[in-house]
Structures are given as C-alpha cells and as structure tokens.
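**Student:** Taking the hints into account, I'd like the entire structure generated from these sequences.
There are 2 protein chains.
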Amino acid sequence: MKGWETMEYFLGVDAGGSKTIGVLVNARGELVATGMSGPANLVENGEEVVRRNIGLLATLLEGLHAERIYSAFGMPAFGESLRADMSYLKIITEELGIQPTLLVNDVVVGWAGGTLGQDGVHIVAGTGTIAYGRCGRKEARTSGWGSIIGDEGSAYDLGRETLRRVSRQLDGRETPTLLKEMVFERLGLSSWQSLTEWVYSLKEIERRTTIASLATVTYEAARNGDLVARAILKNAAWELSLCVLTLIEKLLLPKPLVTFSGSVLEKNEIIRERLVNHLKRRMPEVVVRNAAIHPALGAVILLYRETNREISEELLHNLKKASQKLLQDETPKR
Amino acid sequence: MKGWETMEYFLGVDAGGSKTIGVLVNARGELVATGMSGPANLVENGEEVVRRNIGLLATLLEGLHAERIYSAFGMPAFGESLRADMSYLKIITEELGIQPTLLVNDVVVGWAGGTLGQDGVHIVAGTGTIAYGRCGRKEARTSGWGSIIGDEGSAYDLGRETLRRVSRQLDGRETPTLLKEMVFERLGLSSWQSLTEWVYSLKEIERRTTIASLATVTYEAARNGDLVARAILKNAAWELSLCVLTLIEKLLLPKPLVTFSGSVLEKNEIIRERLVNHLKRRMPEVVVRNAAIHPALGAVILLYRETNREISEELLHNLKKASQKLLQDETPKR
Numbered sequence: 003m004k005g006w007e008t009m010e011y012f013l014g015v016d017a018g019g020s021k022t023i024g025v026l027v028n029a030r031g032e033l034v035a036t037g038m039s040g041p042a043n044l045v046e047n048g049e050e051v052v053r054r055n056i057g058l059l060a061t062l063l064e065g066l067h068a069e070r071i072y073s074a075f076g077m078p079a080f081g082e083s084l085r086a087d088m089s090y091l092k093i094i095t096e097e098l099g100i101q102p103t104l105l106v107n108d109v110v111v112g113w114a115g116g117t118l119g120q121d122g123v124h125i126v127a128g129t130g131t132i133a134y135g136r137c138g139r140k141e142a143r144t145s146g147w148g149s150i151i152g153d154e155g156s157a158y159d160l161g162r163e164t165l166r167r168v169s170r171q172l173d174g175r176e177t178p179t180l181l182k183e184m185v186f187e188r189l190g191l192s193s194w195q196s197l198t199e200w201v202y203s204l205k206e207i208e209r210r211t212t213i214a215s216l217a218t219v220t221y222e223a224a225r226n227g228d229l230v231a232r233a234i235l236k237n238a239a240w241e242l243s244l245c246v247l248t249l250i251e252k253l254l255l256p257k258p259l260v261t262f263s264g265s266v267l268e269k270n271e272i273i274r275e276r277l278v279n280h281l282k283r284r285m286p287e288v289v290v291r292n293a294a295i296h297p298a299l300g301a302v303i304l305l306y307r308e309t310n311r312e313i314s315e316e317l318l319h320n321l322k323k324a325s326q327k328l329l330q331d332e333t334p335k336r
Numbered sequence: 003m004k005g006w007e008t009m010e011y012f013l014g015v016d017a018g019g020s021k022t023i024g025v026l027v028n029a030r031g032e033l034v035a036t037g038m039s040g041p042a043n044l045v046e047n048g049e050e051v052v053r054r055n056i057g058l059l060a061t062l063l064e065g066l067h068a069e070r071i072y073s074a075f076g077m078p079a080f081g082e083s084l085r086a087d088m089s090y091l092k093i094i095t096e097e098l099g100i101q102p103t104l105l106v107n108d109v110v111v112g113w114a115g116g117t118l119g120q121d122g123v124h125i126v127a128g129t130g131t132i133a134y135g136r137c138g139r140k141e142a143r144t145s146g147w148g149s150i151i152g153d154e155g156s157a158y159d160l161g162r163e164t165l166r167r168v169s170r171q172l173d174g175r176e177t178p179t180l181l182k183e184m185v186f187e188r189l190g191l192s193s194w195q196s197l198t199e200w201v202y203s204l205k206e207i208e209r210r211t212t213i214a215s216l217a218t219v220t221y222e223a224a225r226n227g228d229l230v231a232r233a234i235l236k237n238a239a240w241e242l243s244l245c246v247l248t249l250i251e252k253l254l255l256p257k258p259l260v261t262f263s264g265s266v267l268e269k270n271e272i273i274r275e276r277l278v279n280h281l282k283r284r285m286p287e288v289v290v291r292n293a294a295i296h297p298a299l300g301a302v303i304l305l306y307r308e309t310n311r312e313i314s315e316e317l318l319h320n321l322k323k324a325s326q327k328l329l330q331d332e333t334p335k336r
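These protein sequences, in sequence, are chains W and S.
3 is the number of the first residue of the first sequence in the working numbering; add one for each residue after it.
3 is the number of the first residue of the second sequence in the working numbering; add one for each residue after it.
Note that these hints are calculated values from the structure, not bench results.
Treat the hints with caution; some may be incorrect.
As the list makes no split between identical chains, a pair holds if one copy fits it or if it spans any two.
[To be verified] Keeping only pairs whose Cα atoms sit at most 30 Å apart, straight-line, the calculated BS3-like set for lysine-lysine is:
#1 Lys257 - Lys322
#2 Lys21 - Lys205
#3 Lys92 - Lys205
#4 Lys236 - Lys323
#5 Lys252 - Lys205
#6 Lys257 - Lys236
#7 Lys322 - Lys236
#8 Lys21 - Lys327
#9 Lys282 - Lys322
#10 Lys252 - Lys327
#11 Lys257 - Lys140
#12 Lys269 - Lys257
#13 Lys257 - Lys21
#14 Lys205 - Lys327
#15 Lys140 - Lys322
#16 Lys236 - Lys92
Source: prediction; values computed, not measured.
**Tutor:** Structure follows, in structure tokens:
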C-alpha cells in the first residue's frame, strides 16, 4: 500500500455544454478511473449546475493525496471573461479540494488530444464552433462567439439556418422543398403558426441544443438531394475551412496538421469532405485527420508537457488505449 | 350631457414590443383622447406586462358606455398561436371591460394606417420585420418570424449581423474596418473578451432591443464609407424588397401601393432608397410612400369599414390631423 500512496496521478477534465468527462491516469498513462457528469458551461448553465457536475467528479479522487494529483481542466468559455475564469477556479478548488495545475479553454484540451500536443490546428464543430492552433509558443483561436453572434458551421447554426429557410418557404419568399416536409415531420408540425410556436416556446436553457439537434434533418435532406439543404451544408463547410485557414496563416504553420472533433465533423460526411477539399485546395500539404485521443486525455498530455515529463511511445500507447475505452463508454448503448 | 352620453366612440390600439398607443375618436374621426403605455407583446413580455399596459388604457374609456364603444386592437404575434390569441381577448375584456370589435395582428392596423384601407402592401421594419398585404378579401403576410429564425432586414437583424461581422474581424477571419472601431466605441469595449461578455450578459428581456439599437452604428459607418456596413445595409434592403415583391405576386396586385413604417425604413435613408429602387426596377408602376396615418388610427379605419360606415373626406381629414398630433406627442422632447 505504501507504493500506491506515493504514486502520482493525472486528472484530465473535458467539460462541455452537454457533458463533462474526467479521466484519471497514472504516471505511465494507464487508465485508473473515469467519471462522467452533466454540462459545466458557466455562461450557459450557471454556477449551480457547474458546481454540481464538477463536484460529481470528486469520486475519482477518493483516497488519493491531493499533493500527488496533477490536474488539467478544459472549460467552455474559459478565457472570455475574468469573472467566469475566477469562478471556475473557485468551484474546482472548493468541490474537488485540489488546486488545478492547468485551467484552459476546452478547445485547448481538444487541440492537445487532437494533435497530441504538436504544432497544428484543432477545430470543434458540435453544438458550437471553435478552432484553436499552436505553433511553438504562439497560439490563436477563431470562432466560438456563441449562438447569438457566431459559431458559424456549428450544429446550432445549421439548425437555425434550416428553420430560417423553412420559414421563408412557408411564406412564399422561397419555393418549398423536401426540407420543409422533413422539418415538419420531425417536429410534428401542421401549420406555419405551429413552427413559430415551437421555436418561441423553447426555454432559453434548452433552446440551443434543441435547435442544434435539427442539423441531422438537414444532413438527411441533403443526402436525399434537397438543394436548399445542400446549400446550407456547403456554406457551413466553407465557414469551417475559413476558421482553419485563418489560423494556419496567422500562426505561419508550414506543413499544417489539422484535427477535428464534434458531432458535425464526425457525423456529417458532406461537410467533412467539403472541409477537407477546401483545405487541400488552398494548402495541398495539409494533413487532416480525426483527433488522436479524447480531449480529456488531451488534458493529460498538457500536464505531462507542463511538468516536463517525457511524452514516450509507451505513454501515447496507453493514452490511445484509454481513449478507445473512453469512447466505447461514451457511445450510447442500444 | 344627454348627447354626449349617446355618442359613439371608436378606440384604436396599436401595441408593440416597445410601446402601446391608444386613440379615442368620435364618429367624425375627431381626436377625443390618446393614451400611451409600455410594451404589450404576449410572447416576449409575458402576460403580466401585457395586462398592465393594456390596463393603463382604461382611462381613455372612463365615463363612456361600453355599448357605445367600437374598438380595434392590433397586437404583436396575434394569429400565430391560438393560446396567445385567447389570452389577448381575455386580458382586453377583463382590463377594459369591453368586448373588442376587432382583434388583429399589429401589422394589419399598420397596413390600414399605411394604405388607408386600400389594396396594397405595408411593410414594417423596426426592431422586427413583417409585411402584410390585401387585395379585396385576399390577404397575405411575409416575414415576422422573430429574432431567432427570421426578421431579416430588421434593426435586430442589422445589429446582430454587425456584431457577427465585428467578431470575424476580431479573430482575423475578416480584415478589420471602421465598423469595428465604431462598435467598440459605442459599447465602450476594450478587448475581444469584452464583446462576448457584453452580448451574453444581456438579459433575454432586453437583448432584442439592445442589439437592435446598434443598427444606428451600422448606418453611421455606412455613411462614412465602411464597405462592410454598406454590404450589411444592401443585404437588408434586398431582404425587405423580397418581402414586398412576394406579397405583390401572391396577391396579384396590379398597380401596387406600398407603404412603410418602423425605425429602419423611417430613419435609414440608404436602406429606404435601395428598397424603393429594387421595387421600381422589378415593378415600375409601384407607388411607394410613407404610411398615411398612425397605426392606432389605422385601427379606426378598420372599425369604420367593419361597421359599414362611410370613409368620407371629412373623416380622412380628421384622422390625418389626429395622426399629426399623435406623432408630435410621440416624438421625444429634447
């Protein structure tokens, strides 16, 4: 038991608008424990929810010495408001009884998991959109301006744009297409009034994710040849490529590695293929690939770098194994 | 006093997202009294606020016999949800002690005031956008889908689009222009973080009007030659013309009369001129002009038609006089 008590542990946390994932690994990167709780976005979910969902990760640390734990937290909207940043620090310290070694925006742990900490760009297109890149010590980000003024190419943006086009079809500013039928069927609507009723009766807290869930209807309509749906996806892919290309230029990345994550890029093949084509056309030497490991394990990579530990082949092997386990656990069972 | 007691009165009400105007006229259309209160949009302001602001109009009816009052109410979002429509009816009956003769969407009283009840199209571009037209007994509307999925060309749409473009300028997806400087100056911002903080700390109830108020910055920037601002206005004008042209086609209006109201079309000369040009290019015989009288008096026109009263020259003369008085009262004093 003595050895166990003096071992060092690494806690990586990836918080998001829908769920929070925590992983605990040992010094060789072997998975010790995982934990999952609900959303933890201070701006969108409020302090009480964040406190509860961060607090639920405390089970991961039970029986461990606080001084032996290195921890890295990727939190949504971190770095966008000093008040929010201080709140995150306070909540983590109070709920988990540890001082975080690293506290960063969730896109940073996404990048670390995506590129394994190498120079490059990581783009997330899920409910929201954000891209982040590093070249040596230089870092930069694009998008991530939220559902009201930004997040072009995100699932929310696709959903809202779909509803916007359907509303135009309904009042005759555009010719109705299959997309209108499919949206009406999905939402169980019968009249134009029921569309406005549906949109404006959504509570603010559920509005963003509910509208974002319509992105799958747009994808399906596009695969059925709907030209309006295809135009919406085309524009989204162009927006996502602009996020990446801006960072590549800003950071002067010579042979850029681009990784991605999020439901839109993982599940919408039309957008992903178009994005890759845009990037290759403008920059033939670009390498585009799925994120190497889960963002929560990307947080662990950041910790190893921060504490000047070697990123060995063994470590990467173990983290990849842990990532596969994590993704299996996350996949909903049928 | 006997004559006074048996006289008939006409109450016209124009409710909106920022204020509610009530006018009382006699059978000759002479102004008897006016009243003004706050917003009365059931969907946006909630029942309590609507009840209070409709209730404040009760002073207009003091001492009058309920049976001698004809009343027409133009209410925002009326006709978009049966539940809301029934609530409006209940609130009016309970707060004012009268059964409304007519209860319509506020764009309908805008149209009646705009065209004096003649065949034609009326377009409102204020905080929101909506267009409505009639040809004989046929009626139709376009836009008015609200701040989340519609209202293209409205002040809110201009404000949001401005913030969206500024966010792109800030993270390098677009080249910064004067517009960025002007928005930062207007909002007293100093960093990119402060822009997101500003947007997302707006309470939902104030968000729409606060963002809409930025439309004046875009107009000013465009007049100073900012190309991004000009592009935003150009697109808005195109959207507004699409709303009107769709109705003209739908209603088969032969020599269409188009009237307009709302801050965007009344104050933004660039958008107004572009709209008129779009309409004349597609339809040279179109007549475009300011609304003839205030929407609250448009409600009175609807009542005269509904009760089969003659719309005499004398009546129109008196209503126009009343409208001038009303607009003077509404203009903020300096």
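**Student:** Are the hints correct? Go through all of them and say.
**Tutor:** Status of each hint after checking the structure:
When the C-alpha separation of Lys257 and Lys322 is checked against a cutoff of 30 Å, the pair qualifies only within one copy, where the shortest distance is 24 Å, while the shortest distance between copies is 71 Å. In this assembly of identical chains, Lys21 and Lys205 lie within 30 Å of each other by CA distance both inside one copy and across copies; the values are 19 Å within and 25 Å between. In the homo-oligomer, the alpha carbons of Lys92 and Lys205 lie at most 30 Å apart both inside one protomer (29 Å) and across protomers (24 Å), since each shortest distance falls under that limit. Taking the closest pair of Cα atoms, Lys236 and Lys323 never come within 30 Å of each other, the shortest separation being 35 Å inside a single copy and 54 Å across copies.
Taking the shortest Cα distances, Lys252 and Lys205 never come within 30 Å of each other, neither inside one copy (39 Å) nor across copies (35 Å). Proximity of Lys257 to Lys236 under the C-alpha cut-off of 30 Å is restricted to the intra-copy arrangement: shortest distance 26 Å within a copy versus 40 Å between copies. Taking the closest pair of Cα atoms, Lys322 and Lys236 never come within 30 Å of each other, the shortest separation being 33 Å inside a single copy and 52 Å across copies. In the homo-oligomer, the alpha carbons of Lys21 and Lys327 lie at most 30 Å apart inside one protomer (17 Å), although the nearest pairing across protomers, at 58 Å, exceeds that limit.
For the identical chains of this complex, Lys282 and Lys322 are intra-copy neighbours only, at 27 Å inside a copy versus 65 Å across copies, given an alpha-carbon limit of 30 Å. When the C-alpha separation of Lys252 and Lys327 is checked against a cutoff of 30 Å, the pair qualifies neither within a copy, at 36 Å, nor between copies, at 59 Å. Taking CA atoms no more than 30 Å apart as the test, Lys257 paired with Lys140 passes inside one copy only; the shortest distance there is 16 Å, against 63 Å between copies. Taking identical chains as interchangeable, the C-alpha atoms of Lys269 and Lys257 lie at most 30 Å apart only when both belong to the same chain, with a minimum of 26 Å there against 51 Å between chains.
Proximity of Lys257 and Lys21 under a CA criterion of 30 Å is satisfied in neither setting, with 34 Å inside one chain copy and 58 Å between copies. Taking CA atoms no more than 30 Å apart as the test, Lys205 paired with Lys327 passes in neither setting, with 35 Å inside one copy and 42 Å between copies. Proximity of Lys140 and Lys322 under a CA criterion of 30 Å is satisfied intra-copy only: 27 Å inside one chain copy versus 66 Å between copies. In the homo-oligomer, the alpha carbons of Lys236 and Lys92 never lie at most 30 Å apart, since the shortest distance is 43 Å inside one protomer and 48 Å across protomers.
Hints 4, 5, 7, 10, 13, 14 and 16 from the earlier list are contradicted by this structure; the remaining hints agree with it.
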